[in-house]
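> One-letter residues, chain by chain:
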Amino acid sequence: MNERPPALLVLEDGTSFRGWSFGASGTTVGEAVFTTGMTGYEEVLTDPSYRAQIVTMTVPHVGNYGLNPAHRESDRLQVAGFVVREAARRPSSWTSQGDLVGALVAEGVVAIEGVDTRRLTRHLRSAGAMRAAISTEVLEVDALVAQARSAPDMLGRELVSEVTTGQPWVIRPEGPVRARVAALDLGLKRSMLRGLTEQGLEVHVLPAATSADELRALGVEGLFLSNGPGDPATVQGPIATTRSVLGELPVFGICLGSQLLGHALGGSTYKLPFGHRGANQPVLRRHDGRVEITSHNHGFAVDPSSLGEVVGPGVHQHEQLGPVLISHVNLNDDVCEGLVLREAPAFSVQYHPEAAPGPHDAWHLFARFAALIDLVRSGRGRSVLDLDRAG
Amino acid sequence: MPRRTDLSTVLVIGSGPIVIGQAAEFDYSGTQACAALRREGLRVVLVNSNPATIMTDPDVADVTYVEPLDLPTLVAIIERERPDALLATLGGQTALNLAVALDEAGVLAANGVELLGVDAEAIRTAEDRQRFKDAMTGIGLESPRSRLVADVETGLAVADELGFPLVLRPSFTLGGAGGGIARDRAELSSLLARGLADSPVGEVLVEESVLGWKEFELEVMRDQGDDCVLVCSIENLDPMGVHTGDSITVAPAQTLSDPELQRMRDAAFAVLRRIGVATGGANVQFAVDPRTGRQLVIEMNPRVSRSSALASKATGYPIAAIAALLAIGYRLHELVNGVTGTTPVSFEPSLDYVVVKVPRFAFEKFPSADTTLTTTMRSVGEAMAFGSTFREALNKALRSREDGGSGFGSRAWRWATTGDVELEAELVRPHPDRLDVVAESLRRGWGMERVAAATAFDPWFVDQFERLIERHGELVAAGSLTSLDDGLLRESKREGISDAHLAELLATDETAVRAHRLARDVRIAHRTVDTCAAEFEARTPYHYGTYGGEDEVVHDGRRSVVVLGSGPNRIGQGVEFDNCCVHAVQTLSRGGWRTVMVNCNPETVSTDHDVADVLYFEPLTLEDVLAVCDRERPVGVLVQFGGQTPLALAEGLQRAGVPILGTPPDAIDAAEDRGRFGASMEALGLTMPEGAIAHDVDEGVAIARRIGLPVLVRPSYVLGGRAMRLVERRDALERELEAAFSVGGGGVLVDRFLEDAIELDVDAVFDGTSLLVGGILEHIEEAGVHSGDSASVTPPVTLSAAQEVEVRRATLGIARALGVVGLINVQFALKGETLFCLEANPRASRTVPFLSKTTGIPLAGMAALVAAGSRLGELVRDGVLAGVIADPDLDDVLLPVVRGHVAVKEAVLPFGRFAGTDPVLGPEMRSTGEVMGIAAAFGDAFARSQAAAGAPLPQRGRVFVSVADRDKRAIVLPAARLVELGFALVATPGTARVLHRAGIAAETAGKVSEGDDSIVRLLSDGSVGLVLNTPYGSDARGDGAVLRTAALAAGVPCITTIAGIRAAIQGIEAERAGSRTVRSLQEHLGRVAPQGRP
Ligand SMILES: Nc1ncnc2c1ncn2[C@@H]1O[C@H](COP(=O)(O)OP(=O)(O)O)[C@@H](O)[C@H]1O
Ligand SMILES: Nc1ncnc2c1ncn2[C@@H]1O[C@H](COP(=O)(O)OP(=O)(O)O)[C@@H](O)[C@H]1O
Ligand SMILES: [Mg+2]
Ligand SMILES: [Mg+2]
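Here the protein sequences line up with chains P and U, keeping their order. The opening residue of the first sequence carries number 3 in my numbering; numbering runs sequentially from there. The opening residue of the second sequence carries number 6 in my numbering; numbering runs sequentially from there.
Since the hints were derived computationally from the structure, they do not count as laboratory data. Cβ coordinates follow ideal geometry from the N, Cα and C atoms, glycine included. You may find that some hints are simply not true.
Simulated restraints on C-beta separations [as the list claims (entries may be wrong)]:
1) U:544 / P:155: 30 to 36 Å
2) U:525 / P:16: 21 to 27 Å
3) P:155 / U:347: 27 to 33 Å
4) P:379 / U:116: 55 to 61 Å
5) U:143 / P:175: 26 to 32 Å
6) U:110 / P:71: 58 to 64 Å
7) U:347 / P:213: 42 to 48 Å
8) U:347 / P:382: 39 to 45 Å
9) P:315 / U:143: 38 to 44 Å
Whole structure, please, built from the sequences with the hints as guidance.
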């Protein structure tokens, strides 16, 4: 029989699942979401974007290849809780330096295994992401449901301040410095820094609250907007900072960063019923008709209709900055997955070119950012579209 | 970019007969692709020599050629049909190699035929081992160090450089044919010699071994816009050194971290692009060093494969259909995922379950072959299963294999008395029963580390095994059902431990376990295979069972019928039965039924989720089938189409209250129980070979003494003549009887062996009153060669009209006496003027698809309707059954209208892969597949069947003649004709004398039985191209056997009847008459007017 202590998972609508604890003991609340990626539990657990979320892996066996510090996306486990069908008893891999259960206990993450994760996923798919609770102490459904309901709603929730860096810090590329850029840390994943430095960029990682002037003072030639947790509408500081440098500095945003660009352009974001989380999402590149299989982790998205007057298919007019293009769309549900300014040096994607976990199809976007910076410096162009024209 | 508009006719090449390494999966892929292309309005021309396939059914392609897969035939077809393009990536290695041949012969260029998907250059780069490696190095991917050699000397030199062990990998072969592992110089030279011979281009890669590394396969696709997707990752439990086809495999990969998997994915796409797979699917194999994670590329197959079929079934992503559509210009994102109906196929399936595939072997039929698994594939089939965890999937896959096991560890007891030293050795040695040894070792407490080290299985998997062994321990400790804790019961079921296995562990019986379980509401829930881990709603009714899950099946309330499939392919029960199941399902669906398919064989068409209205991919065991019946509440279950597998379930189902449609279980018993069957034969006044059932060896000896030798000895209740032996000498009797008893299955039948009798096979449908005779097959080999192994012809060539009537009358009588409702197969032997009935099988038989193909009458479909309650009369009246006439000589009998063609079925045998076995044909079936030769005249049809089977009739050279006395006169004219045709004759003394007297020149070669083996040498050195040998009866069967052996070994056609000899000569003349001419099945069946000269 399973020697692990019993645990209970409930959703705010009363749905419940019994299983066994394989992490810290205690009670945790958060937004229940699922990810369909079949590998990468280490990256998922340490991705700050999963802040305050109880994450369900749809893949049944989790923890098989243990843990390796090199696979971490931040310095701590970020999820509010973890739900799997079955946790590995004995991890096995030449890369493994620790096991999942040990880390969950050590870092205080409440986790439940033995759950019918497919039933949970189908429920969230139809009823939408909702608040949930896992407990090893409260094993009585109604009592735990009450606690789940007491959790704050993700809509309108600000979480960036919990994950952003306290102090600015700098990371330099291996070789010569091609350019110096600022990265607003809204919950920055490490592999994004890898993507930037690989392009010879010296990256100044800055607290979310950094103002535009502080940023200019650093003499950076570009601004990178990272991923991060929570409701983008609540991240007003970074939105203002972005707005004020738009058109002046090349800007590249990923995930939350893309949503901030949307807001900075005067647009708005909305909450998806259950979000996109996984490593298999097809995204169409409008400009060349190619499809990238991409890694996703977002519960909100930019509402294209909020981006001002439509002046062409997927093109909206911005008073000062000119045309804004919906550059990428998700082929599953037509959600806006990327923005490009035609006359200003700014672009963003809603998905994760840095992958980790997931396919590398969009890794080239970091090179695109570096190239855009060169282009602007050379004065031979202003927008990524000029890059495409140049070929 | 939508589909190309410049294509109208596409030629598709099938994979030919079922052989090890190339089986039903290509019927599945090909059928799917043909359908996809036709939906696009393209005219599909198909060529495949295999009549047992669904693919070659006359309405799958627009034009179907059941013709030999060789250059002359393809040229004839191309010149006749003028296709715009050739799609060669669906017919396995056979089609790829033919495409290359056509390209090199300039045929494609000359006829303006475009190769779709991959061009010849790409195929060469992928299949030529050396070019492939160079290409890999070119794109910075590693592969093992190696040299391509064309002769043994060079090979030995390479050994000095790379050291032993070495792995040999011939170019352009399939299923690792001719490959192997050489541990020393001796092994190297012998293996290399064979490998060089097996490679069509005489090249073998001699390679540094990475035995024991982890092996992975990625199934990937690419479209013309250069977009690529990874459909499925497959991890082999068995490490490098065991062919992927012989390995237990798992999807998705379980032990790769995300960075490792993504690196492999990037590499796979790079390979696709470099090799030049313009569009379509491919399979890329990797080896991973478990100590360092170093990844090596092993090979890439630029086509659909066994693994891609597996991946399609495991994910719900139809690779073959999509590959076909990509080939005609579509982009991945332009095609809709049929499962969700809303999302495109440009995505990567996500699995929220685990899939395990286990191979099925047939070593029991090749007793002298070494069972050590190597790089040459030798499994003959496979079973696949879904589970919520690896353990559940593994247990289900193992019980799906039908090898007597009921789950992991259930057969470990066989090793209980084996000493530790030997057990360790069996743990290290890869062989079919290694998991049993793993279970026993863990039971002995050897522990994960030791077992992992010995097997080179990944520790994660060994831990899974250990968890099961621990569970068994808890169950045994529980002692009995009554003292079994409900929690433990639930956990055990969730781990896939079957009722049968629980019963063994708790010392009770399966029925008791089921009752106990149901009383506690512990039931199977059925989930949907949806390609997307539940992210989107699925429309396809493609299900698998799991314990402790949520049920997802929606029943539309229509009256449903369950059709049980035939499980893993095995010798004696192969694709023919799947063909029957598919016909049953399709016909009933058209008849308005909700058809429910249950099967566990990933290679098949029946497990394509588009075939039946509902598909349950489940083991064919009582537990799993009853769960399906609980869910579907069918009007009844059809057990007569899937061969012996469903028949074995019939009684249990009935006892559990599930109605059986068609022939009732009691009638099945009446046919299979020798005693009861004999009685009804007597009542009908039909003769059976004298014989009786023995319950012990002494009784067997007594029976044999009474009826006299030679006798046939076999266990009752077996298929494919399993363990059936011909005993001609008294001293062999005990041994053979003991052997037969050891196979089990109750008593042993001892029958008088009918010497040089003509064997006949009849397939018919009976509705209680009238009988539809599908046709009579006359065997070309004499009785004693298993019906599945002997060549046969329909309509019969040597039977008189009166004899045919007698056969039909007997069949009608038997069907009536047994109370058959549906299909019946009867085997007769005609000895002199007496007709003997050998056996009757109240089920679909191996020959049903063949007869249906030659007559155009879908026997299985009609049988399904009859079993579901229709009368043949009604079916004719309603035009459902067309092309039949009333038997002019018998009441209540319907016959197919006579067509102007003859069809010959020839068997294909796997002896090449079982070194050390003596390839003499006997009553135990050993062929893996069949081909059909169809033409206006017997000779022509025969010649085509020989060519299709890979042993074409010679056009010149030496012919060996040796005939029985009764045939001596009859041989003169054919012999003279051969000389006219320019052949030189060699004959045994007796035959030579007759020829000389008739003034026909012939060398003389002594009889093997008299110590002269010159003929054997002539055969093996290839200086004889054809053997004409009619057996003399028992005394000289010895000679015939040796000849046949040598002929088979040398790939020389061997003809054993005067009819066959005449046939062969006609065949040779037909070939002489000029380039091969072809005629489509649709023309043969009168669906379209015949064009030009046949
Ligand atoms: N260098 C090697 N060392 C050890 N095993 C090998 C090596 N190369 C191939 N194998 C084994 O041989 C099997 C068959 O080789 P492969 O080239 O895939 O033949 P096929 O083309 O018939 O699939 C592989 O599945 C793998 O297990
Ligand atoms: N009495 C007999 N005399 C000669 N040959 C026989 C006799 N009985 C069976 N055979 C041969 O053995 C083969 C296998 O027997 P069969 O009853 O068909 O086994 P299975 O039902 O397993 O296929 C037959 O095809 C036939 O060639
Ligand atoms: Mg292979
Ligand atoms: Mg191959």
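> Now, for every hint given, state plainly whether the structure supports it.
Here is how each hint holds up against the structure:
{"no.": "1", "hint": "U:544 / P:155: 30 to 36 Å", "result": "holds (33 Å)"}
{"no.": "2", "hint": "U:525 / P:16: 21 to 27 Å", "result": "holds (25 Å)"}
{"no.": "3", "hint": "P:155 / U:347: 27 to 33 Å", "result": "holds (29 Å)"}
{"no.": "4", "hint": "P:379 / U:116: 55 to 61 Å", "result": "holds (58 Å)"}
{"no.": "5", "hint": "U:143 / P:175: 26 to 32 Å", "result": "holds (29 Å)"}
{"no.": "6", "hint": "U:110 / P:71: 58 to 64 Å", "result": "holds (59 Å)"}
{"no.": "7", "hint": "U:347 / P:213: 42 to 48 Å", "result": "holds (45 Å)"}
{"no.": "8", "hint": "U:347 / P:382: 39 to 45 Å", "result": "holds (43 Å)"}
{"no.": "9", "hint": "P:315 / U:143: 38 to 44 Å", "result": "holds (42 Å)"}
Going down the numbered hints, you'll see the structure goes against none, and every one checks out.
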